[in-house]
Amino acid sequence: MRYLPLTDPDRQEMLAAVGAPSVESLFRDVPEAARFDGGFDLPDHKSELEVEAIISAMAGRNMAAGDVPSFLGAGAYRHHIPAAVDHLIQRGEYLTSYTPYQPEISQGTLQALFEFQTQVALITGMDVANASMYDGATACAEAVLMARRITRRDKAVLSGGLHPHYRAVTETQTRYLDLDIVSASPDVTGNEDLAAMIDDDTACVVVQNPGFFGHLRDFSALARHCQDKGVLLIAVVPEVISLGAVTAPGDMGADIVVAEGQSLGNPLGFGGPYVGLFAARDKYVRQMPGRLCGQTVDEDGRRGWVLTLSTREQHIRREKATSNICTNSGLCALAFTIHLALLGEAGFRKLAALNHGRAVQLAERLAGVTGVEVVTDAFFNEFAVRLPRPAAEVVSELATREILAGVPVSRLIPGDAGLDDILLVAATECNGEDDIDAFASALGEVL
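For the sequence shown, the numbering used here assigns the number 1 to the initial residue and increments by one for each residue that follows.
Note that these hints are calculated values from the structure, not bench results. This structure is a prediction, so every number in the text was calculated from the model and none was measured. We treat Cβ as the ideally placed atom computed from N, Cα and C, and that holds for glycine. Treat the hints with care, as some may be off.
Claimed, not checked - Capping the alpha-carbon separation at 25 angstroms, the derived lysine-lysine pairs in PhoX-like fashion look like this: (1) 229 with 283; (2) 350 with 155; (3) 46 with 155.
What the hints assert, rightly or not - Across the chosen pairs, the derived CB separations fall in these ranges: (4) 7 with 127: 56 to 62 angstroms; (5) 4 with 107: 38 to 44 angstroms; (6) 430 with 182: 34 to 40 angstroms; (7) 196 with 413: 21 to 27 angstroms; (8) 31 with 320: 30 to 36 angstroms; (9) 104 with 221: 44 to 50 angstroms; (10) 92 with 4: 29 to 35 angstroms; (11) 434 with 60: 21 to 27 angstroms.
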């Protein structure tokens with residue numbers, strides 16, 4: 001096969017050189033359950049034209065969020081992206097200087113990242129922000145590791161309002177470390193007492209606002225309690241648009257703020273790529289993961305930009321690295337920066353108010369459907385409702401009516417019978433009154 005030119009003798013020679021008896025032995029660290037055993041249900045030896053037709057037909061089986069009334073959320077939100085965003089990020093000077101390994105040559109890229117950092121610090125209410133990360137979930141895990149380095153303690157308390165995916169990623173990235181992850185039960189009520197879970201071994205408490213079930217909370221008292229105990233408060237923001245309306249985590253006293261930036265400039269994209277935001281107090285800057293761009297002047301006094309801190313493994317000795325992050329999702333960060341710059345502060349606040357207003361309309365309409373109970377008392381653009389039937393069944397039935405009704409909690413937290421009837425629904429500026437009316441009417445008929 002011309003694309004795989006190695007012969008069997010070539011492979012045997014390589015295996016002998018590394019001391020492996022077979023190709024399969026190279027994968028012994030991969031659990032059996034995670035290995036692919038079998039073939040793909042795809043035809044072989046098709047022309048390019050035939051392949052395009054087959055793949056297009058497969059893609060056509062999807063129900064896209066932009067084609068039908070969609071109320072999906074749970075960490076990924078559909079927002080309008082101005083055409084200017086895609087136009088600008090596809091300019092060659094951005095695409096070809098994606099990762100500045102010789103950073104000072106790429107002054108435009110560094111300036112864009114500096115602007116990005118400035119925006120993130122402003123909206124989160126923090127002193128300093130890095131040049132972005134993979135996504136919100138991995139940023140959350142990195143924040144826990146950062147808190148461990150700072151406090152030299154080995155326990156992390158995770159709120160029951162933290163997104164299950166963020167919790168799972170954090171547990172995965174800390175699995176082989178001497179770090180005790182203590183997770184509170186799913187917080188449907190929004191009234192959990194995290195302060196009671198803090199002890200002398202606690203490095204950090206991780207909260208989310210808005211919470212997984214949509215609850216908005218004021219964490220100022222918890223932040224003060226954490227400070228008294230020498231514990232860092234990490235605030236997670238899954239819907240960055242909320243920062244245009246809700247008190248910033250930094251103003252509540254958070255020590256580290258991480259967020260998912262997908263809502264600005266980046267489409268749903270079937271789950272990615274997204275962009276992680278990471279901000280902290282200035283005194284912790286040297287423990288931040290990733291990279292930090294700074295502003296300076298050259299020998300002629302002209303303004304310029306440099307990589308002020310580069311604490312990942314590619315830049316410094318491994319034992320000194322704060323993370324092994326391999327990309328900062330630079331193009332996604334650029335899209336975020338352009339979108340937020342187009343909005344400006346007034347536009348950002350207006351967009352947040354519009355999102356909240358749409359969600360209030362949706363909550364009022366759904367509350368009027370017989371058997372439906374809105375269980376989130378204070379929310380931004382997403383909330384939880386309790387249905388008289390399993391939520392997954394209702395969502396499937398509504399999908400046959402071409403309505404994407406939301407995310408059943410049982411899909412993300414399986415095995416908890418008490419959550420089977422809970423449905424997460426989100427409304428953004430993309431949901432008009434016709435969408436809301438169609439959802440409420442169809443839900444009433446299905447129930």
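A quick look at each hint next to the structure:
1. 229 with 283: 18 angstroms, holds
2. 350 with 155: The hint is violated at about 40 angstroms.
3. 46 with 155: 54 angstroms, violated
4. 7 with 127: 56 to 62 angstroms: With a Cβ separation near 58 angstroms, residue 7 and residue 127 satisfy 56 to 62 angstroms, so the hint holds.
5. 4 with 107: 38 to 44 angstroms: Cβ of residue 4 to Cβ of residue 107: about 41 angstroms, so the range 38 to 44 angstroms holds.
6. 430 with 182: 34 to 40 angstroms: 38 angstroms, holds
7. 196 with 413: 21 to 27 angstroms: Since the Cβ atoms of residue 196 and residue 413 sit about 22 angstroms apart, the hinted range of 21 to 27 angstroms holds.
8. 31 with 320: 30 to 36 angstroms: Taking Cβ atoms as reference, residue 31 and residue 320 lie about 32 angstroms apart, which means the hint holds.
9. 104 with 221: 44 to 50 angstroms: At 45 angstroms between Cβs, range holds.
10. 92 with 4: 29 to 35 angstroms: 33 angstroms, holds
11. 434 with 60: 21 to 27 angstroms: At roughly 25 angstroms between Cβ atoms, residue 60 and residue 434 fall inside 21 to 27 angstroms, so the hint holds.
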